[in-house]
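Asker: Please construct the entire structure, taking both the sequences and the accompanying hints into account.
Chains as they are written, first to last, in my numbering: chain A, 1 to 277; chain B, 278 to 704.
No lab work stands behind these hints, which were simulated from the structure alone. For clarity, every value in this text was computed on a predicted model and none was experimentally measured. Each residue gets a CB set at the ideal place from its N, CA and C atoms; glycine is no exception. Be aware that one or more of the hints could be misleading.
Unchecked claim - Which chain B residues face chain A? A few, computed with CB under 8 Å, are given here:
1) G360
2) N363
3) Q521
4) A525
5) T527
6) P666
7) L677
Said to hold, decoys possible - Derived DSSO-like pairs (lysine-lysine); straight-line CA-CA distance at most 30 Å:
8) K53(A) x K671(B)
9) K678(B) x K127(A)
10) K29(A) x K492(B)
11) K27(A) x K671(B)
12) K507(B) x K354(B)
13) K362(B) x K29(A)
14) K53(A) x K507(B)
15) K208(A) x K270(A)
16) K669(B) x K27(A)
17) K362(B) x K127(A)
18) K678(B) x K53(A)
19) K208(A) x K678(B)
20) K29(A) x K354(B)
Claimed, not checked - Derived coverage of chain A by chain B (criterion: at least 3 residues anywhere in the stretch with Cβ under 8 Å from a Cβ of chain B; other residues may be distant):
21) 23-36
22) 131-137
Chain by chain, the residues run as shown.
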Amino acid sequence: MVAPTIIGLLVLNYYPLIQTIILSFSKTKTFGAMEFNGLNNYIDMFQSPEFWKATWNTILFCILTVPVGIILALLVAILLNAKVKFKGGFRAIYFLPMVCAPAAIAMVWRWMFNGEYGIINAILGVKINWLTNPQTAIIACAIVAIWSSIGYDAVLLLSGLQGISKSYYEAARIDGAGRIKQFFSITLPMISPTLFVTLIMRMMASLKVYDLIYMMVDQSNPVLPDVQSLMYLFYREAFVAGNKGYASAIVVWTILLIGIVTVVQFIGQKKWVNYDV
Amino acid sequence: MKHIKRAALLLATVAMLFSMTACSNNPASGSDGKLTMQIWDNSQREAMQALADAYHEINPDVTIEVQVTSWDEYWTKLEAAAGSKNLPDIFWMHTNYILLYADSGMLADVTDLYDDDTYSHYSDVSIANTQGSDGRMYAVPKDKDTVCLVYNKEMFDQAGVSYPDENWTWDDLVDASQKIYDATGKYGYMAYCDEQLGYWNFVYQNGGYILNDDKTAAGFDQPATIDAMKFYIGLQDNEWCPDQTYFAETAPGNAFFSGQGAMFFEGTWNLLYEMKNYPEMQGKWDVAVLPKCPNPVSGDGRATISNGLGYATASYNQDNETVMDFLKWLGTEEAQQIHSSYGAAISGYEGTEQAWVDAFDQFDYRLNVEACIDMFDYSVQSVNDATRPNWKSKVNDEILKIYGGQLSVDEGLANCNTIINEAIAEG
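Answerer: See below:
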């Protein structure tokens, strides 16, 4: 009965993966023609400053979005778990960004960040060219990424929070533990498996970021090199410049990068994730 | 249980194989009387539908479905479709790509489509825009365009500057921009990073070139090209011109139609759309011929980039009578007349320009669109060669670096020259 899933995986995931790896060792020409090219794509890639810049941008984006995003999501989850009125309404509101199309989100934020006519500058009373200044462009993208991911992460964490038995808190209260102490001694350890999963997923999504940056920073924007992520660079190489072999090498590198980060996280989890209930 | 599993697996595999062969075995398109026509410009959908309907009127057993995709997606899709021999029956071709497609043998040869002299009714530029490197025709000319100067009349009035006319030079452009900025605080001529609607025009007016005549070398090392590029890029140093970071957020057309700037270069294919889309601006703006270069290195200082699209079909449709007959009809005077009358694009067929001009009579304020037609006399074919898709975005990146101050103009243009020459050498 697992056959449909396995066939789906084989055809839609593993076959393209193998093809991509083959492609990364090839020189491609238009309309699907290609010839074996050895390691040349990789040599070109590792010598390209644009590539290293994109790798750094991707990692920076990850650093900017993941910790802040997860902490905020946890905060929201705790608030939504508390006894507040209109809890259902708040949950829906926080989850809404997840329902919106990323492209639509990016379009709206792009106008809000507009240096001349944007609402953000109008409210802050400053004149920052958010999306055209190399220092702020990636921060602006990170803000939108965090905003759109909080709801989803919060719902995941909320389900974790709801799995914690009330009796732990009652016992802690009798022993005289305060709110803060309760959070660090009960909530955090109990929720750590969910937190770990959320972290892994958010990290992968951040390393693969493309659509958001593509919509916020278009190709006529001079700051492009300072915000271009690996997947954006891949898109430009594969579909704008038509260099699919080289683009595949970028993909393979990104897979390796995600793999390494994930393995490190799995090793690191032993130190902080608590599986004994 | 095991048998069921195996049967399911077998079934799924067979189904997959079947669907794969279905992809690669293109059934003779049009055999059921249904053709698809793929285009990228939504504002021309109406005109294309009118053509489809008119053809259906003459040939009731053929129905043409018009499909629109966005410009970026169009080329990604088309390339994939070409690789798997699944191209739409009829599709638009652009000068940026026609040489690539034609030289790779993807397009049907339409040189001998007509028994009569139909092609002699198209200008040399129109014909050149639909030719492959071998000089054969791989698309039926659809339209032709020019680049014109769009200006805000109210701002000119406020600054007391007379409207642009055919005697205008680059100096007048700069002078008027300064006066308008001083009088109104609005931007003057908005010069931004763009090839067809920007620096190409200046380069060719100055007697320079981007590619030499036989398309074997780039021209970014030519003094005339470098001069014009320095002039054009340098315009952003003036207080009356926004810098490139502004344009990265606000397209010049948006800035113009929201009353932020007085002038920009626009392609003829957008004029009707802009009249319709900005009703409150009607009567406040007009079009003029491009200002000329006052002291060109060679030539008379006049040029405007003229591009043209074509209707093409896949090479495997070479003997498909349904497709070829529709294609043939699209190039006739009758079809081109219908096409022009919708006002979106100027038909390639000479003598049908008036229908395009007349389309602007529908508005209370009549744009001086004759100016756009006048420029065909000195229009220059849009720059293209077979490797253009490979160098286009890279050259653009270099020019952006010049705008961003990371490179000097000389360094940046030298890089552009190398990029193009290397692309040509690689083939």
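Asker: Give a verdict on every hint.
Answerer: Checked hints:
Restraint check, G360(B) versus chain A: the minimum CB separation of about 4 Å is within 8 Å; hint holds. The interface hint given for N363(B) is broken, as the beta carbon of that residue sits about 12 Å from the closest beta carbon of chain A, more than 8 Å. Given hint, Q521(B) at the interface with chain A, holds; its Cβ is 5 Å from that chain's nearest Cβ, closer than 8 Å. Here the hint on A525(B) is kept, as its CB sits about 4 Å from the closest CB of chain A, short of 8 Å.
Taking 8 Å as the C-beta cut-off, the interface hint given for T527(B) holds, the closest approach to chain A being about 6 Å. For the restraint placing P666(B) at the interface with chain A, the shortest Cβ-Cβ distance is roughly 6 Å, inside the 8 Å limit, so the hint holds. With its C-beta approaching chain A no nearer than about 5 Å, L677(B) sits inside the 8 Å limit, and its interface hint holds. With a C-alpha separation of about 17 Å, the suggested pairing of K53(A) with K671(B) holds against the 30 Å cut-off.
Of the supplied pair hints, the one linking K678(B) and K127(A) holds, its CA atoms being roughly 23 Å apart against a limit of 30 Å. With a C-alpha separation of about 20 Å, the suggested pairing of K29(A) with K492(B) holds against the 30 Å cut-off. Distance hint between K27(A) and K671(B) is fulfilled; the C-alpha atoms sit about 18 Å from each other, no more than 30 Å. Straight-line distance between C-alpha atoms of K507(B) and K354(B) comes to about 37 Å, which puts the hinted pair past the 30 Å bound.
A C-alpha spacing of about 16 Å is found between K362(B) and K29(A), which places the hinted pair at or below 30 Å, so the restraint holds. Taken as a hint, the K53(A) and K507(B) pair is honoured in the structure, with Cα atoms around 29 Å apart against an allowance of 30 Å. For the hint pairing K208(A) with K270(A), the CA-to-CA distance comes to about 26 Å; that is within 30 Å, so the pair holds. Distance hint between K669(B) and K27(A) is fulfilled; the C-alpha atoms sit about 19 Å from each other, no more than 30 Å.
Restraint check: the Cα-Cα separation between K362(B) and K127(A) comes to about 52 Å, which exceeds 30 Å; the hinted pair is violated. For the given pair, K678(B) sits about 15 Å from K53(A) by alpha-carbon distance, which is consistent with the 30 Å threshold. As the CA atoms of K208(A) and K678(B) are separated by approximately 26 Å, the hinted pair is consistent with the 30 Å bound. Our distance criterion of 30 Å between C-alpha atoms is met by K29(A) and K354(B), whose separation comes to about 16 Å.
Three residues within the 8 Å Cβ limit are the bar, and the region 23-36 of chain A against chain B gives 3, so the coverage statement holds. Taking a C-beta to C-beta cut-off of 8 Å, the region 131-137 of chain A contributes 3 residues in contact with chain B, enough for the three needed, and the coverage statement holds.
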